[in-house]
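Novice: On the provided structure of chain V, position chain A as indicated by the hints.
Chain order of the listed sequences is V and A. Just so you know, the first sequence maps onto residues 1 to 460 in my numbering. Just so you know, the second sequence maps onto residues 1001 to 1205 in my numbering.
Don't read these hints as lab results, they were simulated from the structure. For clarity, every value in this text was computed on a predicted model and none was experimentally measured. Don't take each hint at face value.
[As the list claims (entries may be wrong)] Some chain V residues judged to face chain A by a derived CB distance under 10 angstroms, without partners named:
| hint | residue |
| --- | --- |
| 1 | A104 |
| 2 | T129 |
| 3 | V132 |
| 4 | A309 |
| 5 | L312 |
Even for Gly, the Cβ is constructed at its ideal location relative to N, Cα and C.
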Amino acid sequence: MRVRGSSSCITMPFARRLAAHAPPGPLLAAALLTAVLLAPAASAQDARSLGMGGVTVAGPGATSVNPAFAAVPGSGGSSLTLPMGALSALTRDYWDPYGPGFDALSTLDQASALGLYLLDPAVSPYRVTVGVDAAGLSVGFEGGSTMDLARPASYDGGLELPIGGSLGPVRLGVRPFATVHVRFDPGSDLKRVFAGGSTSASADLTADAEAGVALDVGTALPLPVPSSALGGGRLYAGVRASAVAGLEKASLSVHGTAQAEQDSNGNLTGNVLYGYNALTSVGGVLTGGGPGYGGQAALGFAASFPTAAGTLTTGVSVRHLGVMVWNLDQVRMQGDQSSSSNSDLGYARQVEVADHVHVAAQVALDRPPETLDAGGLGLVVAADGDLDLSGGLAAHAGAEARLGIFAFRAGLGYQDGLRLGVGAGVRAGPVGFDVALATHPSPLTDHRAFGVAASVAFGF
Amino acid sequence: MRQRPARTLAVVASLVTVATLVAGCSRHTALTVEADLVPFMSASETQATISYGTGTADVQLPFSNATPNPGEAVDLTQLGVPADAAAAITAFDLDLAASVTPTTAIGAGTVSIYLAGASASDAFQPQYRVAQKQTPAMPAGQATTVDATLKLDSQANPGALKRLQSGSFRIGIELQASAGAAGSADVALTRLRVSLSLPHGWGLP
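For reference, chain A alone in the conformation it holds in the complex:
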């Protein structure tokens, strides 16, 4: 899944260039880039079957054999975003949704998003949690939508925004719920939208 977002951000970077060209440059013009990444991902990257046991299930994405889980390392500069653009980001939104179809009933739980510094060895520490949302109970054999949103700006979550602005960070998603019986769940990512905003007049001398 590492190469696809890289290409996607290359597309975004291209569009940033085009948009700033066609819109002209002004001190009062702000730029927002919105991308729905799912169309750019293959089925193997958006669909998976996860096994779980009886009791509380704690699924951390991305999967990792390391303990603790360091999360997904992201380096924006390697994805085509110049360092000064990353440092200038004024707001970042993430909107994701997944369809979960378990073989046994799963109770209500939570989905959490973590954003840690690049040097963090455990991205799933509470201080790195930047968003959390209750998930509904998931009946056996039925598809249930689980979604979460993340909004970062200088007021909503300045610490996390600073980690994002550094251009190098770790991100992770954790799903916690309880199941009465062991089973498996088909998970399909249906929405992964990111939006980032650059300040007014970004790029002007």
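Excised from the complex, chain V in its bound form:
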């Protein structure tokens, strides 16, 4: 392995492979720009949610998380989150790789939070020191954001644009979507590289991305349980089934190792033995292999109770139950310090069952202004939890105080690290505008960036 003469940014074989399959540049650029602009709009967390710590407020506005909420009385409304992250590309110079302010870590941070205009994105270290001594290899950082490369890092991005309506008790919709999942797992020996030194290092990287269109059909109904048995409350059940047409999919799995060679006396020889084993899979409408196909289902239950403090709404749901079938071109790449080989395995059917199934619970207490004694103050207190069975746990809690046409919010949550949020909103007839100041855990670092989100809300 030698340092590339032209650039310190590594060109991965996977990237080259993707490039070989890639559609023409302008089409790719257009797709990327569209994703940057639409991803915030399709985000499950609008400015209202971010201002409440990222919480999903149980109720009719959260049918994407729990289909049973569609039957709960009340108005859900919808919102359009503005692409504040894209705004940073126009105003901040760290995006431009040819510019004097280019910073890949800042760019990565902002790109992972396209719904936020990050005020203080993570900053690359001012100095990277690589050490070689009797203890082995070590890497240290000075300045910039505190790097944390010793823990697993993941990025899960989703883009959904649900379009639909109701036909009696049945809800119909079309939902273009795109998802990205990336996970980096450092081996325990690699962790020691950043904690003093190690003679070996290993790590695993997995990444997959797919895009497609889902046709949704769902319904939600009150369950025939006597209200008296529930203290005046009602139970609801909802289900959503989706037929999914997959447009494109790409995945990568890499295991890499490096070992400083030692002689029979345990002394370092100066040789580095390294190896890698990677499997890439690419396929779809544009890159060959044809469209993927499959189905998904979501199931939820909800309950709503009148209480002295307001209406209490709770729910539990399971979503992303399903199967997808793709025809992907697979290539295995293996190598070590003395040889390398690429084996084109050809197209093969890949079946994914129940990938990234989420189990979630939600609870909210809504105390409308008219039930209060004085002041016209309304209050919403909400909490949720979301478990990704493929790995990942999130929980949030937040509150909203409504005073006339204004709303003020605050909350906190855990989602890839601690998140805080404060926000405000204003309503004028059927239209509202929300802003939030929220924290965002920056990838690869301990940094928590502050960002501004904005949404336009419709129909409450």
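Specialist: The following block gives chain A in isolation, referenced to the frame of chain V:
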């Protein structure tokens, strides 16, 4: 001793790659590589017995049968350092120490480091001397530490830095001291640390 540093620098080059990958790329990130080369050298490369006579001893390393001594030729590109990386080096530090145990007392002297151009036939010319330090008197039978440091940057020694940046140069170490009686000295290299710095944003387009 030529192959070992080659491997060592290959390690360093690998680490440069890894570090720039994990740290991301930015215009304000500078890279420093620090290596202690002694663990990568065999005992025969770090230990030697040197004979000396009465009077002023002048020991030039590496040893050479040629007169004058051309020094050790170093070609960074052959050691795995790309030419543009060598040309971009903004600072270079060398820190060495050796334990010297003479059989007869040796008086105070000097240790000097020379860095000459690749085409120089005598690396030990005064104009190539880039560092010099007094050495203490060395009692007979006792181990005495002799050390020296070299710092090159655009202000400390721009001429020598340019020779380093060319990627091909000659280096030598000279120990001068006086002895009252002939004898020999066991010399053991205990520290050989090098540090080189690349500029902010190195490698970016």
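Novice: If a hint holds in the structure, say so; if it doesn't, say that too.
Specialist: Hints, one by one, checked against the model:
Against a cut-off of 10 angstroms between C-beta atoms, the interface hint on A104 of chain V holds, since the closest Cβ of chain A lies about 4 angstroms away. With its C-beta approaching chain A no nearer than about 5 angstroms, T129 of chain V sits inside the 10 angstroms limit, and its interface hint holds. At about 4 angstroms, the closest approach between the beta carbon of V132 of chain V and any beta carbon in chain A falls short of 10 angstroms, and the interface hint on this residue holds. The beta carbon of A309 of chain V is not positioned within 10 angstroms of any beta carbon in chain A (closest approach about 49 angstroms), and the interface hint is therefore violated.
Against a cut-off of 10 angstroms between C-beta atoms, the interface hint on L312 of chain V is violated, since the closest Cβ of chain A lies about 47 angstroms away.
Taken one by one, the earlier hints fail for this structure at numbers 4, 5, listed in ascending order.
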